[in-house]
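Peer 1: Chain residues, written in single-letter form:
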Amino acid sequence: MKLTHAIGAVAALALMGAAPPARAGATMDAVKAKGFVQCGVNLGLYGFSAPDDKGNWTGLDVDVCRAIAAALFADANKVKYTPLSAQQRLPALQAGEVDLLARNTTWTLTRDTANGLDFTTPNYFDGQGFMVARKIGVKSVKELNGATVCVLPGTTTEQNLADYFRAAKMTYKPVVIEKNEELNSAFFSGRCDALTSDASQLAGVRAGQAANPDDYVILPELISKEPLTPAVRQGDSQWTDLVRWSQYVMVYAEEKGVTSKTVTVAQKSPDPDLQRLLGVTVGNGKALGIDEKWAFNIIMQVGNYGESFERNVGKESRLKLDRGLNALYTNGGLMYAMPPR
Amino acid sequence: MRVTGLWGSARFRGVLYQALVIGGVVALGSWLLRNTLTNLEIRGIATGFGFLGREAGFDISESLIAFTPADTYSRALVVGLLNTLLVSALGIVLATVLGTVVGVVRLSGNWLLGRLATLYVESIRNVPLLLQLFVWYGLVTALPGARQALNPLPGVFLSNRGLVIPALDWSHGWPLLDSPHLAGFNFTGGLTLSPEFAALLAGLTFYTAAFIAEIVRAGILSVPKGQVEAALSLGLSRGQILRLVVLPQALRVIVPPLTSQYLNICKNSPLAIAIGYPDLVAVSNTAINQTGQAVEGVALVMGVFLCISLGLSALMNWYNKRVALVTK
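Protein chains in written order, with my numbering: chain X, 1 to 341; chain D, 342 to 669.
Just chain X, with the same shape it has in the complex (with noise of 0.2 Å):
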C-alpha cells in the first residue's frame, strides 16, 4: 500500500530536529555540501520525465533539475532522481527527501499555502482533456454522461473531473487507480470509457502505451486550467529564486534568439543585456549567491526553453505537442522571463 510514503513522510517529520529547516540559504548551503540537486520527477511521462533506453532521465521537467544543476555545478548532469507518484510528490518535498519537484505539478492555493510550498513559474501552461477510443464515436465531452471515467488519485484532476460533471449536471463513474500502468492499462482495455488527465500526459500515454495510436482521439475540451510548476519548501527564498531565474534565462534565452549552439558566439555580442546575462558583466551570479557563469551554462548544457521543448514535448518529440500556450508572448503564448538584470 502507498500510505508507506506519506508514513514515511509523516515519521520523519516526528524524527527530525526542530531546527527550522527553511532557514533561507539553508538548501543551497546543503545542495552545494552534497555536490548534488535531489529532484523529484514522474515515475514516468514520457516527454516530462522519464528514463530512455541507456537509463538516462530526459524530459520538459528534467531539464529543470539539470538547469539548477548546470547553474549550481557547471554539470547539468549532478542531479540524482527521486521518481515519485502523485501523493508521495508532496510529503517528499516537505519531509526533505528533495530540494526540488519538478514533477508536472499544478499550482494551486492549497498547495502554495496550507501545504507549505513555494512555487517557481510555470514550465508548461496545460489543461485537462479527455481521450476515448475513435470506434465508440464520441466527439465532445458533452457526450459523456453516465461514462466510466479512468482518472488517477490524488490529483487536482479528480476534482475538476467531478467539478464538471456536477456543473454539467451529468454523472459518470470513477475508476481511481494509483499506478499510472495500471490506469492506462485498464482504459485500453475497455474498463473505462474515458481516461482524463492533462492533455499534454495523454498525448504521452498514447504515444507510449497506445497498441495503435490512430484509434484513440483527445476530445476538444480543455476543462481546466493546469499551470506545471516546480515547486520547492516555503521559506526559502535564496533557493527559491534560484529556481525561479534558472528558468527565466532558458526563456529569455529562447526570446533573445540565443541557442546551445550560439551561446558561445553570444558572449562576445557588444548587446549589454547578453553580456549580463552571459556573466561577461558580472552581478546577477553574485546576487544569487552562485558562479557568473551561471546563465551560461545552463543555456549551453540544457538549451533555452524553446530548444527544450521541442526536443522533449514538440517536434522533435514523439508527442508533437504545439507550442500553443507556451509559445513566447511575441507568438501569442504566455511565456514570459523577468528581465534578469
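These are computed hints drawn from the structure, not numbers from a lab.
Keep in mind that a hint or two might mislead.
[Unchecked claim] Listed next, the stretches of chain D that the computed footprint assigns to chain X, with coverage defined by at least 3 CB atoms under 8 Å from CB atoms of chain X: (1) 420–430; (2) 523–530.
[Said to hold, decoys possible] Cβ-Cβ distance ranges computed for the label pairs, FRET-style: (3) X:Asp-75 <-> D:Gly-525: 50 to 60 Å; (4) D:Leu-427 <-> X:Ala-33: 51 to 61 Å; (5) X:Leu-109 <-> D:Leu-373: 25 to 35 Å; (6) D:Ser-601 <-> X:Glu-181: 29 to 39 Å.
Note that beta-carbon positions come from the ideal geometry of N, C-alpha and C, so glycine has one too.
We have chain X; now place chain D onto it with these hints.
Peer 2: For chain D alone, kept in the frame of chain X given last:
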C-alpha cells in the same frame, strides 16, 4: 550482603521497573508528537482535523450510502470504511467456507480431489497476494465490453463493467423487479458487482482460504485417531463423526490461528488501491493528497484499522472461550 528496605522488595522493584518503562514510552510518544507539531509549524503546514468538515469535491465509484462530491471528507471516509468492512466481511465468510471444504477434501480418501486440493493450497499461498489481484483484475477486465456483454440468463449481464443482475426496487413502497438494461455507456438499474470489487474479493478469498485449509487440516489431524475409531464402534455415520466428534474438538485448535487469518483479510484489503476499489485507504489517500494533511489522515486510518482488528479479535476470543475444552 542482603539488600533491605524497599529496594529489597521484589514487588517494589517490579512496580518501579514497570513505572519506568511506562514513563519512558509516554515521554518518547509526547516528544515525537511535539516534534512533529513543531516541524509542521515551521514548514507552514496546517494541522488539525478541520478538513473533515469540508466538501470533498471528488466522487467515489461505489458506495453503500448515498454520496456526492458535495458531501464532506468525513462522509467520504465513512464510505471508504463501509467498503472495507463489506469486502472484509464477505471475504471472511467465503474464505472460511472454501478453506474448510479444501481442508477436509485434502484429508479425504479421494486421491484426485486430495491432490487437487494440495495443488491449490501450495500454489496459491506461495504467490504474493498483490500479483494475484492483478491476475484477477486482468481476467475481469478482459471480459467483453458493455455493448457485447454476455447474457447467460435473462436480465443478467457479464461484461468488463462487472456483473449486473436484476434487483428488487423498494422505492415505491412495494417490491418491483428492477431489470438492468443498457443505456448509453453502461447498464442502468439492477445490482452491479464491479470488476474492482469482484477481483479484490476473489483475491482475498482464494488467498486466505489456502491458509485456512491448512489450519482446518491441522485441527482435524489433532483429534486423536482413537476418537474416530471409538465413534465408529458406536455406529455413528461418517457425517455424524465429523459433526459431533471431530469438529468440536478440532475447533479448539482451529480458532486461534483462524483469528489471525481473519485479521489478515482486513489488513490485506488496502491492497485494493492497486486495482481501484475505493476502500478506506484509497479514499483517505485522495483526501490526504487534496488537503495535504498527511499526519492526520494516516493517524485516522491507523486508528480505524486498529479498532477493526481489536474488535474482530475480541469477538474471536469470545468465541474461542465458548469452544475451549472445559476441564472439570
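Peer 1: Lying within 51 to 61 Å: is that true of the beta-carbon distance D:Leu-427 to X:Ala-33?
Peer 2: 52 Å, holds
Peer 1: Mind checking the hinted window 29 to 39 Å against the Cβ distance between D:Ser-601 and X:Glu-181?
Peer 2: Given range 29 to 39 Å: holds, Cβ gap about 33 Å.
Peer 1: Per the hint of 50 to 60 Å, is the separation of the Cβ atoms of X:Asp-75 and D:Gly-525 within bounds?
Peer 2: Check passed, 56 Å falls within 50 to 60 Å.
Peer 1: With a Cβ-Cβ cutoff of 8 Å, does the segment 523–530 of chain D contain at least three residues near chain X?
Peer 2: Holds, because 5 residues of the segment 523–530 of chain D bring their Cβ atoms closer than 8 Å to Cβ atoms of chain X.
Peer 1: Confirm or reject the claim that X:Leu-109 and D:Leu-373 have a C-beta distance inside 25 to 35 Å.
Peer 2: The hinted range 25 to 35 Å holds for X:Leu-109 and D:Leu-373, with Cβ atoms some 31 Å apart.
Peer 1: According to a criterion of three or more residues whose C-beta lies within less than 8 Å of a C-beta of chain X, is the segment 420–430 of chain D covered?
Peer 2: It is violated, with 0 qualifying residues against the three required.
Hint violations for this structure: number 1 only, all remaining hints satisfied.
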